[in-house]
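Q: Here is what each chain is made of, one letter per residue.
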Amino acid sequence: MIGELIKILKITVLTSKNSKEIAKKPWKLNSIRQTVTFASSSSPVTTTTTSVSPPQSQILTTRRSLLSGEITASEIAKSYLSRIRLTESHLKCFLHVSDNVLKYAQEIDQRIAKGEELGPLAGVLIGVKDNICTEGMPSTAGSRILEHYRPPFDATAIKKIKELGGIVVGKTNMDEFGMGSTTEASAFQVTANPWDLNRVPGGSSGGSAAAVAARQCMVSLGSDTGGSVRQPASFCGVVGLKPTYGRVSRFGLMAYASSLDVIGCFGSTVADAGMLLHAISGYDRFDSTSSKQEVPEFQSQFLPMDLFESKPLKGVRVGLIRETLEEGVDSGVRSVTQEAASHLEALGCVLTEVSLPSFSLGLPAYYVIASSESSSNLSRYDGVRYGNQVMADELNKLYECSRGEGFGGEVKMRILMGTYALSAGYYDAYYKRAQQVRTLIRKDFKAALEQNDILISPAAPSAAYKIGEKKDDPLAMYAGDIMTVNVNLAGLPAIVLPCGLVEGGPLGLPVGLQMIGAAFDEEKLLKVGHIFEQTLKGSSFVPPLLPNVA
Amino acid sequence: MATRALLAVISSSPNRCFISTRRIKNQASSAFSTSPSLHFQIQSRKTHRIAPSFSSDTNSSALQPPDVSRLAETARISLTPAEIEECGPKIRQVIDWFGQLQKVDVNSVEPAIRAEMEGGNLREDAPETFENRDGIRDSIPSFEGTYLKVPKVLNKE
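Chains as they are written, first to last, in full-length UniProt numbering: chain A, 1 to 550; chain B, 1 to 157.
Hints may be right or wrong, so weigh each one.
One side of the interface only, derived from the structure: several residues of chain A facing chain B at Cβ under 8 Å [stated by the list, open to error]:
no.	residue
1	K311
2	V368
3	S375
4	Y386
5	L398
6	L440
7	A490
In case anyone wonders, no lab produced these hints; they're calculated from the structure. These numbers were taken from a predicted model, which means no experiment stands behind them. Each residue gets a CB set at the ideal place from its N, CA and C atoms; glycine is no exception.
Excised from the complex, chain A in its bound form (with noise of 0.2 Å):
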């Protein structure tokens, strides 16, 4: 009988024309909600909404508008601000929010007025993960033990992005350090998901995705050591991009596992995360592990969807990871995945299944590879030279209690698991094991390219679940990664984007599909990417936002 009930929700959506009205002017927003009755009952969910024009890149209308005079910079900015005012006691995307950001836009007005060359990222509104450092501004990495701590200098990244005339919104939060998949291991505060404010947006960088979902900011910057911009981009229902490790600068990024941490990006499209990725990418003398690999001009992939071919994929070969579509996925995840798989047949992609026999391996490897390399990286946090010191009669003491009061539950966990497998005696068998596991995941990645152009999976095992339902069981929580960390082992791009709803929350929830590439052949995904999206018809990924504000 249950199971026959059809739950009749009464909440604020918006109705398809205005998601269109989003996509074209992605400032207006607050003004057009209406009340609308709406009924869930399958899984997965069909579309809620007729007919839905594809979305629209935010930082290309952005710049389309400011150079025809349709709208200045400050009035795009205080309508951002206002909806980050308005939804952010719901969500809690941002541990700060610059006050900066109307006299940068007054700024860009200023140059418009005077005809002045306009960088390509003018005007664009960009949130950060605050492991991410942003000269005078807080960053602290969702811990206590860098509250209040405003480094001296910007990231690479950050560095670029306000060289090309983007303004950076405030800082998003996230699980302490990037350890974390639903960003409730925040010292600070727990992000809700813009889809279902019960749930979890994801993580680690889950401030960063849910404030692209919401439209607090046009696209955002996250980092990704282990799936934490594909997995949040996944349950948030936005574009997370995870470039080739070697491609972005990691100067400024708080250090977790160096061999597997890189610097991603947000966006609600294919293009602007790729606008973004280009922007931020290149050689950095400050980072030995950035690549001088050419980076080429992604926007050439972006066509219209009038310019497509009727099959615009034609002889893409892409293969389907069968392991991902085992027992342990969600079944609504799994046919949602299918279907995806089925529409890029349809535009002309050749399909077929590959196996990589070694990835189930791949996640304790993770475990051991990204502990090790914490409990090293963050032994930085000592309390001497920045960040929080609790004062102590002796040296190691101050060092012990600064870090005991500043480090939150996991990371205590995990620097400690890292101690055990760095331990002398003990590397050859957890340490050295898991880098030697790592080079048959490379290898298997290596066969399965050679063979397809890209790869495919679900980005999580599951859509978003509920928030607190995992938060005490540590390898139920470590499971949910199994579809990410094996593509950060091999350090291959990868995009993550919205495919599909299944049933949970007012609207349903959105499911990812991820696209793993070739080393530095970004640019693939990318025009893969695109084309999908536009092409993909349904749903328009536009949360139920603020359900209890009138």
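Model the placement of chain B on the given structure of chain A, informed by the hints.
A: What follows is chain B alone, placed relative to chain A:
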């Protein structure tokens, strides 16, 4: 960054390492009873076999389960008794789960320290002046003149 510290661990770690088969079996059974939600472990249910290269040494010490208090001391983190009680079982659970790596045949597989990448990107190892000295100094909890100030240094060892 981390690499230097890790290399230090490599050089100080003895090349011999022995794992008792009994211990591994215990690890395996407890790892798979703890979390039914981890479906991805199914393939690992077989009894662990120790790769020959791994157990051949006779001059050896067994892998001990983690002693949380000692680890906390090594990592310079003070933990309350309640914290030790809370995180101890979780840490043991995860370390047990790491145990599944022991059954993987990695004979003659080279370890990969990170993703493949081109070398030669090191800059010249020469000091450079950082302009925003005041910005750095503002973050120091306690200093006197040009010195960081810390309490007395006791060497217990």
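Q: Now look at each hint and say whether the structure bears it out.
A: Hint by hint, here is what the structure shows:
Of the supplied interface hints, the one on K311(A) is violated, with its beta-carbon coming no nearer than about 34 Å to a beta-carbon of chain B, more than 8 Å. Hint status for V368(A) relative to chain B: holds, with the closest Cβ pair at about 6 Å, below 8 Å. With its C-beta approaching chain B no nearer than about 6 Å, S375(A) sits inside the 8 Å limit, and its interface hint holds. At its closest, the beta carbon of Y386(A) sits 4 Å from a beta carbon of chain B; the interface hint therefore holds under the 8 Å criterion.
Below 8 Å, beta-carbon pairs count as interface contacts, and L398(A) has one with chain B at about 6 Å; its hint therefore holds. The criterion of a C-beta within 8 Å of any C-beta in chain B is met by L440(A), whose closest approach is roughly 6 Å, and the hint holds. Taken as an interface hint, A490(A) checks out: its beta carbon lies about 6 Å from the nearest beta carbon of chain B, inside 8 Å.
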